[in-house]
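J.: Next come the chains, spelled out residue by residue.
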Amino acid sequence: MGSLLEAKQVSKEYISGTFIKKRNLALKPISFSISDDSPSITAIAGESGSGKTTFARVIAGILDKSSGSLRYKDKDINQMNSEDILSFKKEVQTIFQDPFEVYNPFYKVDHVLTTPIKKFGLAENKSDIDKMIISALEEVGLRPDETLGRYPHQLSGGQRQRIMVARAFLLRPKIIIADEPVSMVDASLRATILEEIKKLREIHNISVVYITHDLTTAYQVADNIIVLYKGQVVEAGDVENVINKPVHPYTQLLTDCVPRPDPDQKWSKTSGDITLESRIINGCICAFCNLNESVESDRKIYEFNKKQIVSCKVAEKKKICTNEDISAYFTKKK
Amino acid sequence: MDKSKLLLSTILNSRLLTTGIILFLFVSLFGVVGGWFIDPEMADVGAGYPSQPPSWEHWLGTDQQGRDVLSDLLLGTPQTLKIGLIAAFVGVGIGTIFGFVGGYFGGKIDVLIRLLSDVFMTIPGLLILIVIASLLDIVSTTLLGFVIATFGWMGACRVTRAQVLTMRERAYVQVAKLNGVNDFEIIFKEMLPNLLPFIAASLTGATAGAVLASLGLSALGLGPQNEPSIGLTIYWALHYGALIRELWWWFMPPVVVMILLFLSLFLITAGLDQIANPRLKDKI
Amino acid sequence: MQPILDIKNLKVYYHTSQGPVKAVEDVSFSLEPGERMGLVGESGSGKSTIALALMKAHKYPANIESGDIIVDSINIVDLNEEEMRKTRLNNISMIPQGAMNSLNPVKRIKPQVIDALTDHGIKLRDKEEKFLSELMESVGLSKDVLKLYPHELSGGMKQRVCIAISISMKPKVIIADEPTSALDVIVQRQVMETLYEVQEQLGAACILIGHDMGLMAQFADKIGIMYAGKMVEFGSVSDIFKNPQHPYTRLLIDSLPDTSGKRDLIGIPGIPPSLLNLADGCSFCLRIGKKNTKKVPWVKVTAGHFIQKCLTCIDYGLRKKATTKRTRK
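Chains as they are written, first to last, in my numbering: chain S, 12 to 345; chain Z, 11 to 294; chain W, 23 to 351.
Some hints could be false.
What the hints assert, rightly or not - Here are some, though not all, of the chain S residues that point toward chain W, as calculated from beta-carbon distances under 10 Å: (1) GLY60; (2) SER167; (3) VAL250; (4) CYS268; (5) ARG271; (6) TRP278.
What the hints contain is simulated information worked out from the structure, not anything from laboratory work. Heads up, the beta-carbon is just placed ideally off N, CA and C, and yes, glycines get one too.
Can you build the whole structure from these sequences, using the hints too?
T.: Quick look at the structure:
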């Protein structure tokens, strides 16, 4: 058993400004791996500014990391030869959040499907290209005659996002990184797209990293979840544990705020300000850490149980995680 | 196939653009086709009696030196247009390339290009042109076009750079990168087609600017002296005090032609703006 | 009780060169003071067009073809622009979509709040200080916020400023068009609670427009489901969630993910029909490949619970529902 993709203590710092440098540590060092023996779906959850998209882009190789190492099939990304880079680019695919922006308005939607086939040399002649495209579209439940030959604005958001799933699938990747694939799609069309993403794992053995701010879809789609806050891991583990039995006060607040589609399960009446800013006590987002340990400093991660790790004083009595790789605490599906 | 149809219908749907194009064609044809019907010698000094008002023989009269004003105008309009178009194409070409290089690759080269365009923006162009033009012994229309182009690229550069900066972050460029497309193809196949309306608008704008600059230089007597141009006509009209002597048939026609030309260019720019501006495009 | 808002057979069409787009077709509902209603639908279902028509803020080529919009016993369809200007904010006010981005970035919050009032000829003079701090307090903001610029506020605070502006004249009807669409869950909850509180304080009727059924369940008393320009189901929140009658509503509720056990997610098949030159008959049948060209009647199920009852598709998705709750090992 080895790992397909392995991120070791990767972090990302944005530096802006020409003369006076402003530094923003968007992602604190994090270790994470995707094993090659069984495909997995991992959710990365958090609010805007939590670093979840940065994390996705770093492990997809779209953004350069500031520190740490990223290995694909036991080869360091920075020391790969051009052949390995090509296979990494082909086998790790990304689905973007915005199903409108990903299309060049100048071209028909076919453009986004034919380009990768030509560029990666997947098919030689026109009829093979067409066959590949048609089978990929059918795979995501689209009728080729209703989609091909149209301009992006002639299709619905749901159709467009499914074409993007088809594009990723076309390249037979090993890993798909889906960056909020349904947040800009109508609620009624989300289920279909998420079901396609689940199918990628179940039928085609593709591992998925599902970036989201929506804990209910994370629960339905993923096996395991990592909750990020300000670029740092707050809680991680099996979705059953983290979402239904959260330990960290921040995760509890997040799950509490999910509007449940059940009129009998209404939000409890809260009084006053529930936002995070008002909850920070001594620089921590939870009321438990009565230390001068600020959110900014490195925090210890405790092993709450075999399938749940928490970075909070509330779990202080538990032992500190020995394995820095978060995925060591994940549930493996066979 | 249907791409060109779409383009055609977009153009035809824009009343501003169609009017502008028709007017522009009219002005250019006036010069080009009109030139076939006249004897070029009519525009030479002494072709008729000096300072005659319009008559059957000279439809727009003659100037102080006996040139036929209509012939002079018909021969001068294409030359003026030529200066404008050369300056616009060269200027916008350079500007677009600089804009793409700076916007897409960023870093030091971008800082350099931005610095260069800012410096050129602040220098009063006409002043430098006057210096350059007075240094050159014989100015041809082509040379004048190139000289004007050195001060006509900054606008296109800025527009392109700004557009490329936003486009570079667009998800479709990211997707193209994931699809294995290289930088060169991203610029030409993914970005450039979306910039065409902007570039076309820059071209028409730059043409108007260049024509104006050439008129200014010629009116000061620094333009091409050996070929007829509208600027030269205006120069002679000013030189001989046509305005004070109320020789309206001499100074009015070039002014009218220029007004029509500027109007047509303005309409085209406005029409292209309407097409390029997505907020105006999405009208139901 | 006398309804504060009564919409009768409202039709709003967009007139395009290819024919009319029937964005709102024959929609009727009414609200009593203090009631909260959720208006749910996909993009293009006509929900936002209803909101614009209620404010008479719709623009050409949209046109109110027929129907009545009665706010506090005045039919606003008949009002001219000047009379309507006075009615807005005073009787009926709206928090438009993306409202928080419509705050003027170069003005402090205070003049932006006051502008709305002076527009309606209200001069606060010495009462200003007290009025504004009370207004801010009602949306859970400190009065110091008044001195700030929009960029100094978080998204949630900006949205609450917008709520404050819209309730500054104590309107009788508040329309909120996706007020939390760009906000994170925690802030979303806070904004919704703020809206809930001010609405209760004022005793105003409120229409929440959106596509998140979770929010609707949390907020609304009544729910109207919009589909292809028509209201296909209207009822109390428990009618809709516990006893949905229209197949579209059923599918909408079944497609919602929850956290009480993993299951296969069932999406709604097909795509909504184009509203351009839409023929009479059942629009939902078109989506699932059936056909019913007869006019679909608006039928009462129980008291206060209505559906567009099309016999061709009424059972669609019923059998599927039994297998939906299957838990995966």
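J.: Against the earlier hints, flag every one the structure doesn't satisfy and list their numbers going up.
T.: Failing hints: none at all.
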